[in-house]
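Start from the sequences, fold in the hints, and give me the full structure.
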Amino acid sequence: MKTLLPARMAVLNYMNHVKDASVEQVMDALRADYGDEKQFTYDMYLDHLMALEANGLVELENYDVNESEDLILTYKITEDGRGTVKNFVPAQFQK
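If you count the sequence shown from 1, position 66 lands on 66 in this note's numbering, and the numbers rise without skipping.
DSS-like cross-link-like pairs, simulated, lysine-lysine; straight-line CA separation at most 27 Å:
#1 95 with 2
#2 38 with 95
#3 19 with 76
#4 19 with 95
#5 38 with 2
#6 86 with 19
#7 86 with 2
#8 86 with 76
#9 38 with 76
#10 95 with 76
Keep in mind that the hints were calculated from the coordinates and are not lab data. This one's a predicted model, so the numbers in the text were calculated from it and none came from an experiment.
What follows is the structure, encoded as structure tokens:
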């Protein structure tokens with residue numbers, strides 16, 4: 001069995017390696033490892049990003065409405081978020 005980070009920490013770790021990302025982009029990136037989990041839903045991953053934002057680890061970078069009139073939220077990691085990844089994510093997961 002493959003060892004994985006808790007999903008919320010995996011989201012933060014992913015955000016550390018990209019300039020910014022929407023909820024959909026985060027889910028696409030983590031789908032291979034987390035896609036079979038029952039909690040792998042848009043609402044749950046939006047909740048992960050909003051919780052990280054509430055704790056000052058990511059911030060809302062942009063928002064837009066797509067052609068289907070869905071709200072697209074784009075987040076970026078903060079310096080506190082980068083420090084959290086550096087200090088708490090095991091090196092084997094830091095890409």
